[in-house]
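Residues per chain, in single letters:
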Amino acid sequence: MSGLLPRLQDGWRRATWVDVFLVALRLLVLGIVGYGFVAGLLHPRYGRDEWASFLVFGLVIGAIYALIALGYTMVYGILRMVNFAHGDVFMFGAYAACFTLIACNRNGLLATQPALSFALALLACMLVAAGLAILAERIAYRPFRRGRAMAPLISTLGLSFVLEYSARGMFGAQNKAFPSFPAIDGAVLVFGLSIPRVQLIVMLAAVLTMLVLTLVVMRTRMGTAMRAVAEDQDAAILMGINVDRVIVFTFALGGALAGVAGLLYGLVFKQISFFMGFFLGVKGFGAAVLGGIGNIPGAMLGGFSLGLVESLGPALFLEGIGVAAPYQLRDAIAYTMLVMVLIFRPRGLLGERLAVKRA
Amino acid sequence: MSSLQVEELCVAYGKIQALRGISLQVPSGRICALVGANGAGKTTALNAICGLRPLVGGRVLLDGRDIAAVPPHDRVTLGLVQVPEGRRIFGRLTVAENLAMGAFRRRAMRSELQADLDEVLTLFPRLRERMAQLSGTLSGGEQQMLAMGRAMMAKPSLLLLDEPSMGLAPRLVDQIFETVTAINRLGVTVLLVEQNAFMALEIAETAYVLQSGEVVLSGTGAALIDSEAVQEAYLG
Numbered sequence: 190m191s192g193l194l195p196r197l198q199d200g201w202r203r204a205t206w207v208d209v210f211l212v213a214l215r216l217l218v219l220g221i222v223g224y225g226f227v228a229g230l231l232h233p234r235y236g237r238d239e240w241a242s243f244l245v246f247g248l249v250i251g252a253i254y255a256l257i258a259l260g261y262t263m264v265y266g267i268l269r270m271v272n273f274a275h276g277d278v279f280m281f282g283a284y285a286a287c288f289t290l291i292a293c294n295r296n297g298l299l300a301t302q303p304a305l306s307f308a309l310a311l312l313a314c315m316l317v318a319a320g321l322a323i324l325a326e327r328i329a330y331r332p333f334r335r336g337r338a339m340a341p342l343i344s345t346l347g348l349s350f351v352l353e354y355s356a357r358g359m360f361g362a363q364n365k366a367f368p369s370f371p372a373i374d375g376a377v378l379v380f381g382l383s384i385p386r387v388q389l390i391v392m393l394a395a396v397l398t399m400l401v402l403t404l405v406v407m408r409t410r411m412g413t414a415m416r417a418v419a420e421d422q423d424a425a426i427l428m429g430i431n432v433d434r435v436i437v438f439t440f441a442l443g444g445a446l447a448g449v450a451g452l453l454y455g456l457v458f459k460q461i462s463f464f465m466g467f468f469l470g471v472k473g474f475g476a477a478v479l480g481g482i483g484n485i486p487g488a489m490l491g492g493f494s495l496g497l498v499e500s501l502g503p504a505l506f507l508e509g510i511g512v513a514a515p516y517q518l519r520d521a522i523a524y525t526m527l528v529m530v531l532i533f534r535p536r537g538l539l540g541e542r543l544a545v546k547r548a
Numbered sequence: 002m003s004s005l006q007v008e009e010l011c012v013a014y015g016k017i018q019a020l021r022g023i024s025l026q027v028p029s030g031r032i033c034a035l036v037g038a039n040g041a042g043k044t045t046a047l048n049a050i051c052g053l054r055p056l057v058g059g060r061v062l063l064d065g066r067d068i069a070a071v072p073p074h075d076r077v078t079l080g081l082v083q084v085p086e087g088r089r090i091f092g093r094l095t096v097a098e099n100l101a102m103g104a105f106r107r108r109a110m111r112s113e114l115q116a117d118l119d120e121v122l123t124l125f126p127r128l129r130e131r132m133a134q135l136s137g138t139l140s141g142g143e144q145q146m147l148a149m150g151r152a153m154m155a156k157p158s159l160l161l162l163d164e165p166s167m168g169l170a171p172r173l174v175d176q177i178f179e180t181v182t183a184i185n186r187l188g189v190t191v192l193l194v195e196q197n198a199f200m201a202l203e204i205a206e207t208a209y210v211l212q213s214g215e216v217v218l219s220g221t222g223a224a225l226i227d228s229e230a231v232q233e234a235y236l237g
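Protein chains in written order, with my numbering: chain L, 190 to 548; chain A, 2 to 237.
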C-alpha cells in the first residue's frame, strides 16, 4: 500500500499542463465563490424575505427553463440532433396564449371565468406549439435525415430565423403586453413568507406538467416506444414500431411543453417579444446540456439548477465581492456555471457516457 | 404458419455485392437453417427479408405474396418477426416493457395479451422472476431468452433467428436450440441463421450453405452435416 505522499508525488509526475490548468481553474472559481460568499455573510444586505423571494423566483424561472429543456433533450435522445427552432416554438406558444387571453379579456371571460380562460390559453399554446414543432420536423428535419449530420442543424437554424422574423412581421417588433390575470394577482403567505400568487401557480403548473410528461414517457405505450426508439431504432422497427410516427410524437410532445412554458413565461414577466425565443432557447438548451442532454430527469434538474444559480448567485457571492450591479451579471453566472460543469463533467449532471456501445 | 420464398435476392453495400442472387424456400411449419462463415451474407439476407436493407434485385414472397411494398415496421403485422443478431434488447427498459414492445402492433384484448405473456413465460421461466428488472442487467443467456420472448409476443408466423447461440455457454446453447424446436412445435416457421452449423443442421429440416453471398449448397439438414463442403468450411 502506498501512502498519501508517494501517491501525491506520483500524481504530480503524471500530471499534464491541462490537469494543472484545470485544478488551478477549479481553485480559482472556488476561491472567488468562497470569498464572495464569506464577504457577503459578513455584511448581510438581504433579509429573510429577500432570500425567500430569490429562491422562489429561481424555482419559477428554473421550471420554465426545464420545460423548454425537455423538448431539446427528448428530440436529442431520439435523433442525436438539436432542434434550434425549439426556442421559437416556445415564443409562438407564448403569443398563442397571449392572443387567447386578450380575446378572453375582451369579452369579459378573463374576469368572470379565470379558470376557463387559463384552460383555453393552455390549450391554445400547446396546440400551436405542438403543431409548429411537427411542422419543424416535416420541413426542416425529415428531408435531411439520411443526409449529412450537419444538414438538419443548419435547416433548423434557418427555420428559427424564419419563425422569428415572421413573428416580427405579424406581431410587431415591440414588446407585447401580456394580459394581466386579476384572479392571480396579489400574494399569498406561505410559512409566513409573502409569495406572489402568480409565481406559486406557475410553479405548480410546471411541476404538474412535468409529472404528466413523466407518466406519458414511463407508463404509456407511446412513451415506452419513445424510449425504445431512443435506444435502438432498428430493433424498434423490427418490433413493428413506426419510427417516423414516434419521432413526430416526440416533437409534438416537446413542442407542447414549450407552449406551456410560453404561457407561464408570459404570466410571470407580463410581456413577450418576437425575439425572446432566442434567449430562452439558449437557456433551455444550456439547461438540457447541464443536466446531460438526452436525459429527461437531467433536463428538469438542469433547468432548476440554472434558474436557482442565476437567481441566487448574484446575491450569494457577487454582492460580497463588491460587484457594483450584480444582477446585470446573472447570465454571466449562469453560463460560467454551465462551462464549469462541462469542463469537469462533460456528460452533464445526469448524462451517460456518449460512447456508442454497439459498433 | 407462413411460408417464405426468396428469389434471386441481391443486396449491395455501395459497390460491394453482399448477396449475389440467393434463392431460399422455407416451407410452412418447418425449420430452415442458413449457415455459412463470417461475412457470407447471412445477416444481410435476414435484414433484406425484413426490409431493413434495400434490395438491388430479387423478390421476397411471404405466403406467395410479394412484400416489397410493405414498409419494414408493417411486416411485423404480417407475422414476419426477426430476433436480431446481438439480441438488441432495449437495455434501459424493464423486461416487462421489452415484452410489451414485442406486442406493440397487436390490437388484442388485455386478457389475450396476458395469456400470450404467460405462454412466453412458460417458454422462458427465468424471465418471470425478472419482469421488473432493467433488461440491460440480465445475463447474456437471459438477454437471448428475452429477445426471443419479445419476438414471440408479436405472434410471429415466421420467425427469423440471427445467431441465437452467439456468445453463450454450451449448456445454454443446448437450451436455446431446444427452445427453437419448441417454438416451431407451437406452429411457427423458423429461419435460423447460425455459425454453430452442426447444431443448426441437426434441428433443421432444410438448410442452405452461404458462401460469399451465394448459395453453394442446399438440402436436408441431415444430408448437409455429412457433406464435404460443410465439413470443409467448418472443420478446415
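Treat the hints loosely; a few may be bogus.
Some chain A residues flagged as far from chain L (calculated, every beta-carbon gap over 10 Å) [claimed, not checked]:
1. HIS74
2. VAL82
3. LEU94
4. ARG151
5. THR182
Pairs of lysine to any residue residues, derived as SDA-like cross-links and limited to a Cα-Cα distance of at most 25 Å, are as follows [to be verified]:
6. LYS156/A - LYS16/A
7. LYS16/A - GLU420/L
8. LYS156/A - GLN232/A
9. LYS156/A - GLU420/L
10. LYS156/A - GLY336/L
Simulated from the structure, these hints should not be mistaken for lab results. Because the structure is a prediction, the values reported are computed rather than measured. The beta carbon of each residue, even a glycine, is placed where N, CA and C say it ideally should be.
Violated hints, by number in ascending order, as checked against the structure: As far as the earlier hints go, 1, 2, 3, 4, 6, 7, 8 and 10 are violated by this structure, in ascending order.
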